[in-house]
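Undergrad: As a plain string of letters, each chain reads:
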Amino acid sequence: MPGKRLGRWVAAVPMALLALATIYPLVFTTNVAMKTRREYILDRFSPTTSLHLENIAAAWNSVGMARYFANSLIVVTVSVVLLLLFGSMAGFALSQLRFRGSSALFLGCLAALFVPFQVIMVPLARIMTDSGLIDTYPGLILAYVAQFLPFTIFLMTSHYRTIPVEIIHAARIDGNSTYGVYRRIMIPLGAPALLSVGILDALFCWNDVLIALLMMPSPEHRTLMVGVTSLRGQYSDNIPQFASGVLIAAIPVLLIYLFLQRQIADGVTAGSTKG
Amino acid sequence: MPIGGSSPAVRSAQAERTAGAEVEQPGRHGTGRTSRRVPRGARAERLAPFVLVAPAVLIIVALRLWPLLLGVNFSFTGDGERNGTFVGFDNYAELLNDPLFRTALRNVGLLVILLPVAVAIPGLLATFIYLRVPGHRVFRGVYFFPAVLSPVIVGAIFNLMLGFDGPLNTALAQIGLGPIDWLGDPGIAMFTVVGVHIWATFGMALVVFLAGFSTLDAALLDAARMDGASLPQIIWHVIVPGLSRTIQFVFVTTMIGMLTSMFGLLYVMTSGGPEGSTYLPEFYVWIQQGQMNRPALASAASTVLFLIMLVVGILQVSVLRRAGRED
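If you read the protein sequences in the order shown, they are chains A and B. 1 is the number of the first residue of the first sequence in this note's numbering; add one for each residue after it. 1 is the number of the first residue of the second sequence in this note's numbering; add one for each residue after it.
Read the hints as simulated data drawn from the structure, not as lab findings. Idealized CB from N, CA, C, for every residue including glycine.
Not close to chain A: a few residues of chain B, all C-beta gaps over 10 Å, as computed: (1) Arg82; (2) Thr85; (3) Leu114; (4) Ala173; (5) Pro179; (6) Asp217; (7) His237; (8) Gly242; (9) Phe251.
Distance ranges between label pairs, derived from CB positions: (10) A/Ala171 to B/Gln233: 49 to 55 Å; (11) B/Val311 to A/Gly233: 36 to 42 Å; (12) B/Leu96 to A/Leu258: 45 to 51 Å.
Turn these sequences into a full structure, and let the hints steer you where they fit.
TA: In structure tokens form, the structure reads like this:
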């Protein structure tokens, strides 16, 4: 085990300072969100004396946050379900079954990984407009599925390769068709990977603003993150209210992080090491 | 793509592998195949793999690969009155003459220069965490958390932090510096946005580095320590060579992240200003498409961005391939 030296404590000091710099902006924002406007103007740094949750309530009620929240929830839920379904189906086929063109298809998916959204957004907007899907839930959902599917397939393929062949042979001998193997073996045994990948996909979709801005222009279709971008203008004279709105938008992700930190990290590292 | 090919060659790819959790590289499928034919007449069985990949392939082809071709084609046509007519390289010429696009390209250059910083910070921190500085578990959890926040939320939080009388300038005033106009000074704003981006994303790279460390041979470290190597010597002679794959990987992914995921930050924090100093190609594409109604020009900018990404992507593929050979 690494050293017994004082050096480790020397490194710990700047690391602690950096940890502070990582946490402080969120602490500051939370503190501001709890203050009244008057308290904020008088002293923005001191810890708030009372929890003014009415800012949160006001931000929630006044700017249509509830609406944006619901939009995000609908779009992200459906997108993630479709991503996991299509991603695991394709991942299973590409990792466990040999068929004509399978490696070409896998390479095609890999290639699609390297096409960033910014590069295809102009023609995609045109395709969506032409097909009448622009500014609809299905349009945004399709855009998200298209955007994150290559990544999902990639991770599911890596994971499914680790499932031992004996299990699949046994299932086939027991009379399962390919679909039966998918449903009875790949889905249950892939559950941990589905969870990790699903959380990552959910974070990507939930946190996105560019695709949502492009695909859902109408104000009533705004997702939560697009809603956040308009907060600053609305509350330029009421910073606590602004901070409350930001906090509302951050809370779901922070909760997911608190409870599922390990799964998120697993997803990230699976993408990085299993080339 | 050869979907619906009539070959009955549906076999279990699993049979090719030695049992165990070894992850196989793509493209090495073809070695030593053991056939395991599906019973004859089971047409549904034969079609099953194609049915399973069909939705994914359709979506990827229709909404990612096809738009890519459309966009390149579109970049050679005109906007407005010349809509739909072939204009050759006019859009590209206009791009090169546009000061905003030139700034965007210059900022890409700045990102390349700042890239080593964005890689070294998480690398160094991961090294310390690996060497188990006191509190490493806590640090790991804390550092990673901004990585899950939306760039929009990060941008909004930092709008508060970086205000003229915000916390950072107040802290600087305590030590007799500032105030600095973080987002209003054209010479500073881009550095500010990149700094915030690094603040928000170094946790991702940190986790990747830590995964890389788990593959490092601890015996080498012990040997170096026995020989009396100092920490900088250990880092330079043992850790850096041992993690070369991970380091390359983080370099490429960090670059891609900088080129493609700063839109939210730019949109919230600066909107490209002041004086257009914080433009990046992705933001330029958005403005031309969304605000200026110049989709063909936007497509040309997209194509340029794609070429930049392609270079990065080819780099990445070659890194991954080399990684595969070393295994």
